[in-house]
Amino acid sequence: MTQAFELTVNGRQVRIETHPDTSLLHALRNELGLKGPRFGCGLGLCGACFVRMDGQVVASCDTPMWSAEGRTVVTVEGLEPGEGLHRVQQALLDEQAAQCGFCITGIAVNAATLLETNPDADEEAIVEALDRNLCRCGVQRRVVRAVLKARSESACHVTPEDAV
Amino acid sequence: MTVEREIVRTPILPQDLAANPVLSRWVTVHPGGTVDVRVGKVELGQGILTALAQIAAEELGVDLEQVRMQPANTARGPNEGGTSGSMSIIHSGSAVRAACAQVRAKFAAEAALRWGVGPDRVTVRQGVIRCDERTMSYGELAGVVDLDVPADPCGPLGGDRPALVGKSAARLDLPDKIAGRPRYIHDLDLPGQLSGRVLRPPSPGATLLHVDEGRLADLDVQLVRDGSFVGVVGADEAEVMRAVKVLRDATTWEESDSLPDEDDLSTFLRSGPHETIEVLIPEGPPPGGHTIQATYSRPFLAHGSMAPSCGIARWNDDGTLSVWSHSQGIHGLGAAIARALDIDVERIEVEHAENAGCYGHNGADDAAFDAVLLARDVPGRPVQVQWSRQDELAWSPLASAMSADVRAVVDDSGSVLSWRYDVWSQGHTSRPGYLGVPGLLAGAYLERPLRYPAPADPPAASGAGTVRNGVPIYDFPDRGVTGHRLLETPIRTSAMRALGAYMNVFAIESFMDELALSAGADPLEYRLRHLGDARGQTVLETAARAAGWGTPVEEGVGLGIGFARYKDKGAYCAVVAEVEAESDIRLRRLTIAVDVGMVVNPDGVRNQIEGGATQAASWTLKERVRFDRRRITSDDWESYPILRFSEAPEVSVEIVEAPGVPSVGAGEAAQGPTAAAIANAVAAAVGVRVRDLPLTTDAVVAAIEASGD
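First to last, the sequence lines map onto chains X and G.
So for the first sequence, this note's numbering puts the first residue at 34; every next one is plus one.
So for the second sequence, this note's numbering puts the first residue at 7; every next one is plus one.
Please keep in mind that the hints were generated in silico from the structure rather than gathered at the bench.
Ideal Cβ positions, reconstructed from N, Cα and C, are used throughout, including at glycine.
It is possible that some hints are incorrect.
[What the hints assert, rightly or not] A few chain X residues that don't get close to chain G, going by computed Cβ distances all over 12 angstroms:
(1) Glu-39
(2) Gly-44
(3) His-52
(4) Gly-88
(5) Val-109
(6) His-119
(7) Arg-169
(8) Arg-175
(9) Lys-182
[What the hints assert, rightly or not] Computed footprint of chain G on chain X, listed as stretches where at least three residues anywhere in the stretch have a Cβ under 8 angstroms from a Cβ of chain G:
(10) 68 to 78
(11) 143 to 153
[Stated by the list, open to error] Estimated spans, in silico, between C-beta atoms of each pair:
(12) X/Glu-156 <-> G/Pro-465: 35 to 41 angstroms
(13) X/Asp-164 <-> G/Asp-634: 55 to 61 angstroms
(14) X/Asp-164 <-> G/Pro-188: 38 to 44 angstroms
(15) X/Asp-127 <-> G/Gly-124: 58 to 64 angstroms
(16) G/Arg-635 <-> X/Asp-127: 49 to 55 angstroms
(17) G/Thr-703 <-> X/Pro-152: 31 to 37 angstroms
(18) G/Ser-262 <-> X/Ser-100: 39 to 45 angstroms
(19) G/Ala-115 <-> X/Glu-116: 28 to 34 angstroms
(20) G/Arg-635 <-> X/Val-47: 26 to 32 angstroms
(21) G/Pro-188 <-> X/Thr-150: 25 to 31 angstroms
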């Protein structure tokens, strides 16, 4: 019942053999060893598994492989090409905007995508975008502060490398 | 005649070091100069390992970067019991401090011996052991100094080298977690690891009648069944997940109604039988005065950790069992597994692996036991069991619903003459091993079932459960406090952040505002009038000042205050909430003052208080476990909503310095005061009191409408 799927993940062409109903999340974690996207609910309701697919933030737990064929996917590991952290991740670290950290990679993907498509996003826009992400430890306000900081530190608008 | 007495310190080690005295259990120095530190406390997302690393680095005289905190392990590390009750910085902190101070003294003494100088001439800083111009490193003496020796009760206990402690240190684990590097138990990929899933029954009272095994024939998985416990194991996680869906349709169950009426929990909680917990027996009220009374309640709550529970187990060829778990108490888990399966506890090794935030006894231990049961059928292979979100919300232990009556007799000025408090609740612990039973979820569904009794309460010395913070901090002339713990219940409850304190402080501090209103007094002034505790006064006044207490607020906005000293001897915490009640109830801001004694990591304390208060706001404004007479129905984030980014209040925290006062924990101090502050702010904003949690917009509107009748 397995099929081969070809897609681009973090700038690399990959081929994954799996069942068409396997979620993109499980393919990323188990076939490609990318543990940054995390399993939180399996229903697309918490954001822990967020990845960027063709420029849009999607819940990878809720995305079957049959619908990921030919797509361009960026996970938290690929937010910053090369070594180092994306400026949103760096700001989250600087602000210590995490307690358990389980939700934070999904938040980083969402916030980084927002800032790359809307570099002037204000607090309201940031909060609206992040309303799709749940956090149980209560670091929401630290996260918002961090994303605002990342925004103000970026002088130039970076075009998402995966935009269509 | 004069008698000369030599003043000596009582030779007593900190309790966790006394229980695990051999220094090599705590510390290993490597030739390269890094130092492994092993503790029994575990990282739950609260940052404890960073605080303990700060203490270790300070006492050893090394840089923080030289210290490597190791995962807790039943075979290799010290046994410090569980990680709960905001006790880690007290118990583990003092043990690590003393152990590391003694290790440092041994290295300094060895260097002194080699140099032929007195040990008092040797200093240790930044990993360099020095006497005048001569230096040596920890690493050079690593193979020489013997740490397989017990700590010396008359030796140094540390605490006299304030260098790192008191300064904010960045969390050691966050770089991995923010970068997305493997770090959690979900990310572990042991050699030969298989994936497992358990099919939980459709309802708690269900019995498995039949499994149509043929339905699984096309799937590459192995079925495991023991009574009504049923699951699958296979190499491919996605295949295992498909199989468990098929299995749901391939099983036949007998179900029965077993749950109480969710809409009348007060009657359920008060119907008994109960254990009566006499906390304060009243002496009898002074004559006169008039009586005011009220009843408060909270529903059942869920932990709602962002990651569903996960466990890994491997039955080894030599008959031993290896378990990886995000349990709060790896030793208790090992003992419970041994008891459940009737095997020698010495043959079980449990290692802690990090997971998402843990706020009490959640499904961690149960998931580990699931893995043990599934792995039994595939000896030699590790099996990783991952719970679903639905299982996490519906099958983890819950926090108990509670109901409380408060009654006060007040004099003509409105001051309290007499106070009575009665609270009804289920017990607040069913941790592995409680009441002598394993207490592991799957145990109740095995062919030879391991039943568990109604949840118990921790002993008073550990802060109690139902009656935690049931005694008001105020100096009332006559006080009576009684708990009533339910002894029969179909609902499994256990410890969640602050246990009964969340509800008790909500009730006490809501009622203080009701009394103040009745007395025509300002709520802050009314509290201070009854409060003799000087540290408490400072914390209350600090929070009030920071929040601009006493200055006029806009129409439709209310300020409310809540205050307590956690567990009567822990952190003082005062919270001022600012609530806007227009089209809906919106919590704008929480202004908090806290006194935790000596502060190890100020940003760590702030983060714990901010997070605790934000989580308490979520419980208070939104949360309620829903169920019908058969099963829990709030099993995803739509049916069990929690606070979102757009609802999270601004939180500011002022730390009230108390240098020289021993550290107490911060993780749970804000829970109760936050609930009360919000309730009092809502009442101030709308002029109507809501006494039953959660304080949803619907509940407030209903109360307003009822008040107009």
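So, going through the hints one by one against the coordinates:
1. No Cβ of chain G comes within 12 angstroms of the Cβ of X/Glu-39; the nearest lies about 18 angstroms off, and the non-interface call holds.
2. The non-interface label for X/Gly-44 is consistent with chain G: the shortest C-beta to C-beta separation is roughly 16 angstroms, beyond 12 angstroms.
3. The claim that X/His-52 lies off the interface is violated: its Cβ sits roughly 6 angstroms from the closest Cβ of chain G, which falls inside the 12 angstroms cut-off.
4. Chain G leaves X/Gly-88 outside its interface by the beta-carbon criterion, the shortest separation being 20 angstroms against a cut-off of 12 angstroms.
5. For X/Val-109, the shortest C-beta to C-beta distance to chain G comes to about 4 angstroms, within the 12 angstroms cut-off, and the non-interface label is violated.
6. Remark: the non-interface label on X/His-119 conflicts with the geometry, its nearest Cβ contact in chain G lying 9 angstroms away (cut-off 12 angstroms).
7. Against the 12 angstroms criterion, X/Arg-169 falls within the reach of chain G, whose nearest CB is about 5 angstroms from its own CB.
8. Under the 12 angstroms C-beta cut-off, the non-interface status given to X/Arg-175 relative to chain G is violated; the minimum distance is some 7 angstroms.
9. The Cβ of X/Lys-182 sits about 14 angstroms from the closest Cβ of chain G, beyond the 12 angstroms cut-off, so the non-interface label holds.
10. Given a C-beta distance limit of less than 8 angstroms, the hint that chain G covers the segment 68 to 78 of chain X holds, as 10 residues qualify and 3 suffice.
11. For a cut-off of 8 angstroms, the count of residues in the segment 143 to 153 of chain X with a CB near a CB of chain G stands at 0, and the three-residue condition is violated.
12. Separated by about 47 angstroms at the C-beta atoms, X/Glu-156 and G/Pro-465 break the suggested range of 35 to 41 angstroms.
13. About 30 angstroms separates the C-beta atoms of X/Asp-164 and G/Asp-634, a value inconsistent with the hinted range of 55 to 61 angstroms.
14. At roughly 28 angstroms, the beta-carbon separation of X/Asp-164 and G/Pro-188 lies outside the given 38 to 44 angstroms, and the hint is violated.
15. Judged by the Cβ atoms, the range 58 to 64 angstroms given for X/Asp-127 and G/Gly-124 is violated: they are separated by roughly 46 angstroms.
16. Between G/Arg-635 and X/Asp-127 the beta carbon distance is about 51 angstroms. The supplied range of 49 to 55 angstroms therefore holds.
17. Between G/Thr-703 and X/Pro-152 the Cβ separation comes to about 35 angstroms, which falls inside the hinted range of 31 to 37 angstroms.
18. Checking the proposed 39 to 45 angstroms range against G/Ser-262 and X/Ser-100 shows it holds: the Cβ atoms sit about 41 angstroms from each other.
19. At roughly 44 angstroms, the beta-carbon separation of G/Ala-115 and X/Glu-116 lies outside the given 28 to 34 angstroms, and the hint is violated.
20. Checking the proposed 26 to 32 angstroms range against G/Arg-635 and X/Val-47 shows it is violated: the Cβ atoms sit about 50 angstroms from each other.
21. Distance hint check for G/Pro-188 and X/Thr-150: the Cβ-Cβ separation is about 29 angstroms, which falls inside the suggested range of 25 to 31 angstroms.
Of the hints listed earlier, those the structure fails to meet are numbers 3, 5, 6, 7, 8, 11, 12, 13, 14, 15, 19 and 20, in rising order.
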